[in-house]
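Enquirer: The whole structure should be built from the sequences, with the hints applied where relevant.
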Amino acid sequence: MKLSKNFTNPLAANNPVIVQILGICSALAVTVKLEPAFVMGLSVTFVCAFSNLFMSLLRKGVPSRIRIIVQLVVIATLVIVVDQFLRAYMYDVSKQLSVYVGLIITNCIVMGRVEAFALGNKPWDSFVDGVANGLGYAFILVLVAFFRELFGSGELFGFEIFGDWYTPNALMLFPPMALIIIGCIIWVHRSINKDLQEK
Amino acid sequence: MGLRKFVDKIKPTFSEGGKLGFLHSTFEGFETFLYVPNTVTKKGAHIRDCNDIKRVMIVVVLALVPAMLFGMYNVGRLAGIEGVLPAFWYGFLEALPNIVVSYVVGLSIEFAFAQKRKHEINEGFLVTGLLIPLVMPIGVPCWIVALSTAFAVIIGKEVFGGTGMNVFNPALLARAFAFFAYTPQMSGEAVWYADGKTGATALEQLATTNQMEWSAMDAFWGFIPGSLGETSTAAILLGAVILLFTGVASWRIMLSVFAGGLAFGYLFDAVGMTAYPAYYHLLVGGFAFGAVFMATDPVTSAQTNCGKWIYGFMVGALAVLIRVVNPAYPEGMMLSILFMNALAPLIDYFVVERNIARRKKLIKNVK
Numbered sequence: 045m046k047l048s049k050n051f052t053n054p055l056a057a058n059n060p061v062i063v064q065i066l067g068i069c070s071a072l073a074v075t076v077k078l079e080p081a082f083v084m085g086l087s088v089t090f091v092c093a094f095s096n097l098f099m100s101l102l103r104k105g106v107p108s109r110i111r112i113i114v115q116l117v118v119i120a121t122l123v124i125v126v127d128q129f130l131r132a133y134m135y136d137v138s139k140q141l142s143v144y145v146g147l148i149i150t151n152c153i154v155m156g157r158v159e160a161f162a163l164g165n166k167p168w169d170s171f172v173d174g175v176a177n178g179l180g181y182a183f184i185l186v187l188v189a190f191f192r193e194l195f196g197s198g199e200l201f202g203f204e205i206f207g208d209w210y211t212p213n214a215l216m217l218f219p220p221m222a223l224i225i226i227g228c229i230i231w232v233h234r235s236i237n238k239d240l241q242e243k
Numbered sequence: 058m059g060l061r062k063f064v065d066k067i068k069p070t071f072s073e074g075g076k077l078g079f080l081h082s083t084f085e086g087f088e089t090f091l092y093v094p095n096t097v098t099k100k101g102a103h104i105r106d107c108n109d110i111k112r113v114m115i116v117v118v119l120a121l122v123p124a125m126l127f128g129m130y131n132v133g134r135l136a137g138i139e140g141v142l143p144a145f146w147y148g149f150l151e152a153l154p155n156i157v158v159s160y161v162v163g164l165s166i167e168f169a170f171a172q173k174r175k176h177e178i179n180e181g182f183l184v185t186g187l188l189i190p191l192v193m194p195i196g197v198p199c200w201i202v203a204l205s206t207a208f209a210v211i212i213g214k215e216v217f218g219g220t221g222m223n224v225f226n227p228a229l230l231a232r233a234f235a236f237f238a239y240t241p242q243m244s245g246e247a248v249w250y251a252d253g254k255t256g257a258t259a260l261e262q263l264a265t266t267n268q269m270e271w272s273a274m275d276a277f278w279g280f281i282p283g284s285l286g287e288t289s290t291a292a293i294l295l296g297a298v299i300l301l302f303t304g305v306a307s308w309r310i311m312l313s314v315f316a317g318g319l320a321f322g323y324l325f326d327a328v329g330m331t332a333y334p335a336y337y338h339l340l341v342g343g344f345a346f347g348a349v350f351m352a353t354d355p356v357t358s359a360q361t362n363c364g365k366w367i368y369g370f371m372v373g374a375l376a377v378l379i380r381v382v383n384p385a386y387p388e389g390m391m392l393s394i395l396f397m398n399a400l401a402p403l404i405d406y407f408v409v410e411r412n413i414a415r416r417k418k419l420i421k422n423v424k
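From first to last, the protein sequence lines are chains A and B. Residue numbering for the first sequence is 45 to 243, as defined by my numbering. Residue numbering for the second sequence is 58 to 424, as defined by my numbering.
Check before you lean on any hint, since a few could be wrong.
Result set (SDA-like, lysine to any residue): computed pairs, CA atoms no more than 20 Å apart in a straight line [as the list claims (entries may be wrong)]:
(1) B/K173 with A/N237
(2) A/K238 with B/F217
(3) B/K173 with A/T89
(4) B/K173 with B/F217
(5) A/K77 with A/K166
(6) A/K238 with B/G218
(7) B/K173 with A/V232
(8) B/K175 with B/P69
(9) A/K238 with B/R174
(10) B/K173 with A/I236
(11) A/K49 with A/K166
(12) A/K49 with A/T89
(13) A/K238 with B/K175
In silico negatives: residues of chain A with every beta carbon more than 12 Å from chain B [unchecked claim]:
(14) G164
(15) L200
(16) T211
(17) F218
(18) W231
A few chain B residues that don't get close to chain A, going by computed Cβ distances all over 12 Å [unchecked claim]:
(19) T83
(20) R112
(21) T265
(22) P402
These are calculated hints, taken from the structure and not from any lab test. The model shown is predicted, which means the values in this text are computed figures rather than measured ones. Positions of the beta carbon are idealized from the N, C-alpha and C atoms, including for glycine.
Expert: What follows is the structure, encoded as structure tokens:
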């Protein structure tokens, strides 16, 4: 019961991007096309899940005064693993994502979950929490990239959807439009979940 | 007054609890459009005046008419049609679809939002809906006008809370959207200004070769290609007289925009970055149109008197700066007004703070 709530909560009601407004920079940067957005979402999910797991395992042995540096070591290691993996097996996507894979280490969601959840919970719960938050992030990224690639290039995953009649909307390829799309997603989300609306 | 009686008769149907109560906003919108409402403002500080938003907006629309009529005539003239009336008629038919599309799309969205939020319908869009086709090239496809209008009304206005709450001028936002999303259709030499004819506007010629093929007088009267409403400085000044005479627009902003443009024009001329007279900047492109109709928007400009001087001067100065220094944008008026829209609250903040500091000092001195 509790575990399933742990899992579904970050997907919608407490989504890291559209409710906590974290990880916005990368959501603007990598969402021009679906493929990099998809890979980026999975990478963050991987890093978030395993950093949560390892920090939860280490939580009793790490003195509170040096916990940040230990977290950084764990997260940085995982980010390097992801980066090397992408370079080895998905070189094109890795090139499109450029610095943003390395910048996962500064993604507030990862460290936020470690600090807020993994340090006070059991390993399995923490792992599920990391996966769920990563997927919540990935879901918004893919949603934004869907609209941007569809209307900005008339394609999805590089396949042409609209024919020649469609004039691509160049504004969709600029980061400001990603911010507007995220704003619209938040708008829809809050209209449905009325309890999230600020008074 | 048969119409008055008819309106009174159908009023209960649209009031709360009536059969068509959900259309209350729409009914009220039309009623106040036909008759001056006898209700009074109940809250907030206000000045006693018989003019409501609708009457103010109508004055602006009237002020736009000379520029619009001349723009239509100019389109026909550039298309090579002989005679004033046939040329005007040709331009009228060319411009009509854009105007209709802009009004239909914008007003439907406004009505839908007002209905949903149970607001009364404000006539701010009467002006915006006319401004949008006036700041676009005549050859722009209707669907671009429709998309930009929808974007400007929803993202520029309704998300902020509707008329009077917007940060940016909606008409300019529509143009900015069209400009960045569909650059090839909106600017450059391939945009046709009349009957499939294309060519560089005066601004582009000035930016690339430092001269234009038209005389300054032609530019002043408006016999140059350009967006529908922006070509004739003379017609725009006529509109400015209407706006200033009725007190609808701020003379401080208008004057300071022209001053800022002229000052920076002279500056660039003096340092040798441009090789044409500074006053050319005020005659070509959208400078005059922006100064008179866009920068003076009472919602998005600075509110304090001192702030208006600063705001206006910066609008004119930045417009010329963008025109001269940035080769990617031959026209800087749109970007400079939008930028200063964003800064207007900040300017007001510092003007008010300075005033408070000054008065505090006075108190100290008295003690």
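Enquirer: For every hint, state whether the structure bears it out.
Expert: So, going through the hints one by one against the coordinates:
no. : hint               : result
1   : B/K173 with A/N237 : holds (18 Å)
2   : A/K238 with B/F217 : holds (18 Å)
3   : B/K173 with A/T89  : violated (39 Å)
4   : B/K173 with B/F217 : holds (15 Å)
5   : A/K77 with A/K166  : violated (37 Å)
6   : A/K238 with B/G218 : holds (18 Å)
7   : B/K173 with A/V232 : holds (15 Å)
8   : B/K175 with B/P69  : holds (17 Å)
9   : A/K238 with B/R174 : holds (15 Å)
10  : B/K173 with A/I236 : holds (15 Å)
11  : A/K49 with A/K166  : holds (15 Å)
12  : A/K49 with A/T89   : holds (18 Å)
13  : A/K238 with B/K175 : holds (18 Å)
14  : G164               : holds (38 Å)
15  : L200               : holds (19 Å)
16  : T211               : violated (6 Å)
17  : F218               : violated (7 Å)
18  : W231               : violated (7 Å)
19  : T83                : holds (22 Å)
20  : R112               : holds (33 Å)
21  : T265               : holds (23 Å)
22  : P402               : holds (20 Å)
Hint compliance for this structure: hints 3, 5, 16, 17 and 18 are not met, and every other hint is.
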